[in-house]
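Going down the list, the protein sequences come from chains A and B.
Sequential numbering from 0 applies to the first sequence in numbering that gives the first Met the number 0.
Sequential numbering from 0 applies to the second sequence in numbering that gives the first Met the number 0.
Some hints here could point you the wrong way.
[As the list claims (entries may be wrong)] Below, simulated DSS-like cross-link-like pairs (lysine-lysine); rule was C-alpha separation at most 27 Å, straight line:
id, chain 1, residue 1, chain 2, residue 2
1, B, Lys285, B, Lys143
2, A, Lys262, B, Lys285
3, B, Lys63, A, Lys262
4, B, Lys255, B, Lys285
[Claimed, not checked] Some but not every residue of chain B turned toward chain A, in silico, with C-beta under 8 Å:
id, residue
5, Glu100
6, Leu121
7, Ile196
8, Gln334
The set of hints was computed from the structure by calculation and includes no laboratory data.
Quantities reported herein were computed from a predicted structural model and do not represent experimental measurements.
Even for Gly, the Cβ is constructed at its ideal location relative to N, Cα and C.
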Amino acid sequence: MKLILPVLALALLAAAPFALSDYGLGLLIGAVTYTTLASSWALFSGHTGYISLATVAFYGTGAYTVAVLNEALPYPLVLLAAALVGATMALVVGLSTLRLAGVYFVIFTFGLAELVRQLITWYEVNVTGTLGRYIFLDVTARGIYWQMLALGAVTIGLTALIHRSRLGLALRVIGDDEVVAAHSGIPLARTKLVAFVLSATILTLAGAIASPRWVYVEPAIVFNPTVSFLTVIMALLGGANRLWGPALGAVPLFLAFEWLSVKLPDTYPIFLGFLFIGVVFALPDGVLAGIERLRQRREGAG
Amino acid sequence: MTDISRRVTLRAIAICSTAAAALLAGPSGAQDDKVTIGYAVARTGPNATGAGITTIPNYELWVKTVNEAGGLAMPDGSRKMIEVVEYDNRSSNEDLVRAIERLASQDEVDLILPPWGTGSNLAVAPLFARFGYPQLAVTAVTDKAPEFVKRWDRSFWLLGGGHDYAKGLVDVLAAARDAGTINDKIAAVSVADGFGIDLINGARPAFEEAGFELVYDESYPLGTSDFAAILSEAQASGADSFVAFSYPPGSFGMTKTAQSMGYNPKVFYISVGGAFPIYPGIADGKAEGVMAIGGVDADSLAVQDYFARHTEIVGNPPDSWASAITYASLQILEQAVARVGLDHEALAAEISTGSFDTVVGEVKLEDNQLRDLWWVGQWQGGSFRAINPADRAGASEPMIPKPDW
């Protein structure tokens, strides 16, 4: 019974491109992409409370992998390679940094995106002597949409599974109190690492899937820090520790920003800033938790 | 708890679908007496500076000029007022792609003008091709234009490639060296970005072929703000010519640093930003003799008239490189519409084969590219004058050595 609604929605979404204009499809791609990003971000950060600003480091790496390999390998292998690159990178990064906590972790992840960008730039300038690569793949907008939808569905399914598993429980305990978690015999490093690598692999794949839409790729384009901030704000707005929270934050915000780009083109960054502050102050646990609290209070009164 | 979540979910879905439906509302009724022209430019984000100097003012100036004249002329002699649909692409290719899809499939505009920047123009090229719109890409410096024209036959590339600009500069320097004004040593720096790399890659073999020695050759990361080390090494290298393939922040920073440390090479060349109207102010009024990318025929009446109108309507003069070309691209479009109307196929064919009277003179594209361009310019007597190609009508004589700061 609980599965019927999501499966029905997925089928409906998968059939949607046949009924929509190109722009409608573009909107769907954007909404599904951000849902995927926010959900996979929440997969690691939602329960542990480790706020990661490294989203674009992985997302951009995925896009760059496609740009480098798209002429050398068939497309499915390119995606596989992107996933492997993302997982390896997350493993190395995770092993060396998941012992950091709180604000140190936030700062490190923010720096990571810049580090990857500068490393790629340095490599391209000094070794290959070209900067800027082309992606000429025959992937249509519909193809991108279906791949992204599948990835988003897998992410949410995986999150649901993890929520019910020992891993999910361990992550929640770590998020509540790391010292308690350690004393209860939870392997801290391994638990965090598994979730971090899973989340990063999905982020990398999302970048790889989205990239054929850009045609031309250079580090300054793919490592755009706004993506990291938007992902965090979307997941937090909906509620990062709930299954559907990130999706409920991502879709309305994405549509709101799209509307703003038409109505108030010059002021979009100001709104983004206000929203950030608003979410952190007013809805620290997300809209879903806020509504529940409101309801409980009303019931308690009545 | 599940119960609440589900209700909230359903309500949220309802809200989102309403919002999406509002966004998806069709064009507000096609009107026959109007031409709708759409563009998605960077109003915010890193590309906003470039778009705000070169692209947006010219789009607005052109629309205003055409509408004041009664509208866009059609082949049957009637005129249609231009109605603009504009979106902010936030300097993000994902948003840009979606905005173009929106202009083409949702607003169903008659014509689409291109965004600012090489990467942006490449990102939208497949869409222009799929929807059949002609794409007059101005602010895209690329050596691969011939390949792109084969791939997207309705794309037009109007600003040349990195190799062209590098070769033009080498020509200027070679002539000065042959005249004995400068030595055969060059100090070059380049910004580690697509543009800087393209130019230095074009310049290295060209310098070598012309018999120059590249005694200093370094790249610096985008965002560098301290150029003292770079410039003192260049100064110590013994080269008479200093060449920077730079973006505006770098061009301005190097100018200021060279002035404060008293570095006076006989040739001081910077790239993007050197032709900006604000450059003499940045150089503290001592821009005389500085060379940079681009240039205009400052004696041409059409150019002078264009500068005057731009200053009057936009509020500041245009830059002396891509601005005039941007305006010329709009005139090409305007004249092509007057000859064949708004049918995209006929329009693309006319742009490709016709010749047009523009602010930069009579223009005829070769293989969908504008090749009749100025590669190097120099500040002389308060205006930025084109000096290369030297054999093209309107070229000024280079002033070498540059007077000391």
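Against chain A, run the beta carbon of B/Ile196 and see if the smallest gap drops under 8 Å.
-> Hint on B/Ile196: holds, closest Cβ of chain A at ~4 Å, below 8 Å.
May I ask you to test the interface hint for B/Leu121 with respect to chain A, counting a Cβ-Cβ separation under 8 Å as satisfied?
-> 4 Å, holds
Sort out whether B/Lys285 lies within 27 Å of B/Lys255, counting only the CA atoms.
-> 10 Å, holds
Against chain A, is B/Gln334 within 8 Å by beta-carbon distance?
-> 30 Å, violated
Going straight from one Cα to the other, do B/Lys285 and B/Lys143 come out at no more than 27 Å?
-> Violated. B/Lys285 to B/Lys143 sits at ~37 Å, over the 27 Å cutoff.
With a cut-off of 8 Å, does the beta carbon of B/Glu100 approach a beta carbon of chain A closely enough for the hint to hold?
-> 4 Å, holds
Verify the proposed pairing of A/Lys262 with B/Lys285, using a straight-line Cα cut of 27 Å.
-> Status violated; Cα separation ~43 Å.
27 Å Cα cutoff - pair B/Lys63, A/Lys262 = 21 Å, holds
Comparing the model with each numbered hint stated earlier shows that hints 1, 2 and 8 do not hold.
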